[in-house]
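**Student:** These protein sequence lines map, in sequence, to chains U and D.
Take 1 as the starting number for the first sequence in our numbering and just add one per residue.
Take 1 as the starting number for the second sequence in our numbering and just add one per residue.
In case anyone wonders, no lab produced these hints; they're calculated from the structure.
Check before you lean on any hint, since a few could be wrong.
Said to hold, decoys possible - Simulated DEER-style distance windows between Cβ atoms:
hint, chain 1, residue 1, chain 2, residue 2, range
1, D, Lys-32, U, Asp-122, 22 to 32 Å
2, U, Thr-63, D, Leu-91, 19 to 29 Å
3, D, Leu-75, U, Lys-2, 55 to 65 Å
4, U, Asn-6, D, Ala-31, 19 to 29 Å
Unchecked claim - Listed next, the in silico BS3-like pairs over lysine-lysine satisfying Cα-Cα at most 25 Å (straight line):
hint, chain 1, residue 1, chain 2, residue 2
5, D, Lys-42, D, Lys-92
6, U, Lys-106, D, Lys-42
7, U, Lys-56, D, Lys-92
8, U, Lys-56, D, Lys-42
9, D, Lys-92, U, Lys-106
10, U, Lys-2, U, Lys-106
11, D, Lys-65, D, Lys-32
12, D, Lys-83, U, Lys-21
13, U, Lys-106, D, Lys-56
14, U, Lys-82, U, Lys-112
15, U, Lys-75, U, Lys-112
16, D, Lys-56, U, Lys-56
17, D, Lys-5, U, Lys-106
18, U, Lys-48, U, Lys-2
19, D, Lys-32, D, Lys-83
20, D, Lys-92, D, Lys-65
21, D, Lys-56, D, Lys-83
22, D, Lys-84, D, Lys-32
23, D, Lys-42, U, Lys-112
24, D, Lys-5, D, Lys-84
25, U, Lys-21, U, Lys-82
26, D, Lys-83, D, Lys-5
27, U, Lys-56, U, Lys-21
28, U, Lys-48, U, Lys-106
29, U, Lys-112, U, Lys-21
30, U, Lys-82, U, Lys-48
31, U, Lys-106, U, Lys-75
Note that beta-carbon positions come from the ideal geometry of N, C-alpha and C, so glycine has one too.
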Amino acid sequence: MKTTCNVAFSGQESITMPNGKQHPMYLIGQVVSGLVTISSSSQVKINKITVWGGFKVHGKGETENFFSILNEDDKNQISPEKPVVLPFSMQIPDDGPLSYDGECVKIDWLIKVDIDIPWALDEHSYHYIVVVPCIDDHK
Amino acid sequence: MLVVKLTCTETAIVEWSDDSRDTYRHVAYEAKQEFGRIFATKERSLVFDGVFTVPKDMVGSFRSKYNYIDWNMELEVYIPNNKKISRDIELKVEPRLYPFAEGDK
Numbered sequence: 001m002k003t004t005c006n007v008a009f010s011g012q013e014s015i016t017m018p019n020g021k022q023h024p025m026y027l028i029g030q031v032v033s034g035l036v037t038i039s040s041s042s043q044v045k046i047n048k049i050t051v052w053g054g055f056k057v058h059g060k061g062e063t064e065n066f067f068s069i070l071n072e073d074d075k076n077q078i079s080p081e082k083p084v085v086l087p088f089s090m091q092i093p094d095d096g097p098l099s100y101d102g103e104c105v106k107i108d109w110l111i112k113v114d115i116d117i118p119w120a121l122d123e124h125s126y127h128y129i130v131v132v133p134c135i136d137d138h139k
Numbered sequence: 001m002l003v004v005k006l007t008c009t010e011t012a013i014v015e016w017s018d019d020s021r022d023t024y025r026h027v028a029y030e031a032k033q034e035f036g037r038i039f040a041t042k043e044r045s046l047v048f049d050g051v052f053t054v055p056k057d058m059v060g061s062f063r064s065k066y067n068y069i070d071w072n073m074e075l076e077v078y079i080p081n082n083k084k085i086s087r088d089i090e091l092k093v094e095p096r097l098y099p100f101a102e103g104d105k
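Can you build the whole structure from these sequences, using the hints too?
**Tutor:** Structure below.
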C-alpha cells in the first residue's frame, strides 16, 4: 500500500518556474521550516522515516548530494486515523549555493523524505525549493 | 589593444569506471570590454579603469568534486609583432554581496 507524503512549508512566498510549477522560495541565510505529513489509506508498517534537507548538484557531470538529516522517526506503523507528522528546520548557509539551472551544472535545493517499509520497496518523495540571493537595498 | 573579459563558466566532470574522465564546459556569462590602441613605455605604465557588474540573477562561485561554477577576469594584451600577453584572475562571487547602484534594482 502506498503512502502519501505532503510537505507544508511555513509561511513562505512561492515562485513559478518556467515549467509552470510553483516552488517555495527562500533567501540565502533563511531558515526553511515546515511539517512533513505521511498518511496512508490503510495500515502500513514502517521501519523508519527520514527527512533530509540540502542540495543536489547534477547535470552533465556526476551527481553530488549534500544532504543532512533533519528529522527521523521509527514509528512502526501509519494508519488512516493516525498519520505521522514530522517537523523540520534547516538554515540555508549565507554563501549558498543558489538554486541554478545551467547548461552543464544544475543546483537543486530540496527536502527529501525516505520511508523504509519492511519487505517492500522504500518510498521516496522530493519537495523542491528555490534559493535566491539576498538582495539588501541598504548595502 | 587590451581586452578585459568577465566570464562565468560551468564545468561538469564525468568519471568512468576505467578512471577516464570527460569534462564538459559551458560559458554561462561573458562581458567584454575592449580598449583600442594603447601606448606604454618602460617608464610609463598604463592604468585602465573598467567596471563590470555581475548580473543579479547569476549564480555565485561554486566548487564541489565534479561540478564547478567559476568566475574569472581575463586580460589579454595584443602587442604588434609580439606574443599576446594573457592573465587569468579567478574571482569569488558571493551571492549575498550585491552593492546595487541606484537604478540597477
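**Student:** With 55 to 65 Å as the target window, see if Leu-75(D) and Lys-2(U) comply at their CB atoms.
**Tutor:** holds (59 Å)
**Student:** Given the hint that Lys-84(D) pairs with Lys-32(D), does the C-alpha gap stay at or below 25 Å?
**Tutor:** Holds, at about 17 Å.
**Student:** Quick one, are Lys-56(U) and Lys-21(U) close enough, alpha carbons at most 25 Å?
**Tutor:** holds (19 Å)
**Student:** For the pair supplied as a hint, Lys-112(U) and Lys-21(U), confirm whether the alpha-carbon distance does not exceed 25 Å.
**Tutor:** holds (18 Å)
**Student:** Run the distance test for Lys-56(U) versus Lys-42(D): straight-line Cα separation, threshold 25 Å.
**Tutor:** violated (52 Å)
**Student:** Taking the beta carbons of Lys-32(D) and Asp-122(U), is their distance inside 22 to 32 Å?
**Tutor:** violated (51 Å)
**Student:** Keeping to a limit of 25 Å between CA atoms, is the pair of Lys-42(D) and Lys-92(D) held or broken?
**Tutor:** violated (32 Å)
**Student:** Given the hint that Lys-56(D) pairs with Lys-56(U), does the C-alpha gap stay at or below 25 Å?
**Tutor:** holds (22 Å)
**Student:** Between Lys-48(U) and Lys-2(U), does the CA-CA distance stay at or below 25 Å?
**Tutor:** Judged against 25 Å, a Cα distance of about 15 Å means the pair holds.
**Student:** Holds or violated: Lys-42(D) with Lys-112(U), Cα cutoff 25 Å?
**Tutor:** violated (62 Å)
**Student:** Holds or violated: Lys-21(U) and Lys-82(U), Cα atoms, limit 25 Å.
**Tutor:** violated (30 Å)
**Student:** Under the criterion that the straight-line Cα-Cα distance not exceed 25 Å, is the pair Lys-56(U), Lys-92(D) satisfied?
**Tutor:** holds (21 Å)
Comparing the model with each numbered hint stated earlier shows that hints 1, 4, 5, 6, 8, 10, 11, 12, 21, 23, 25, 28 and 31 do not hold.
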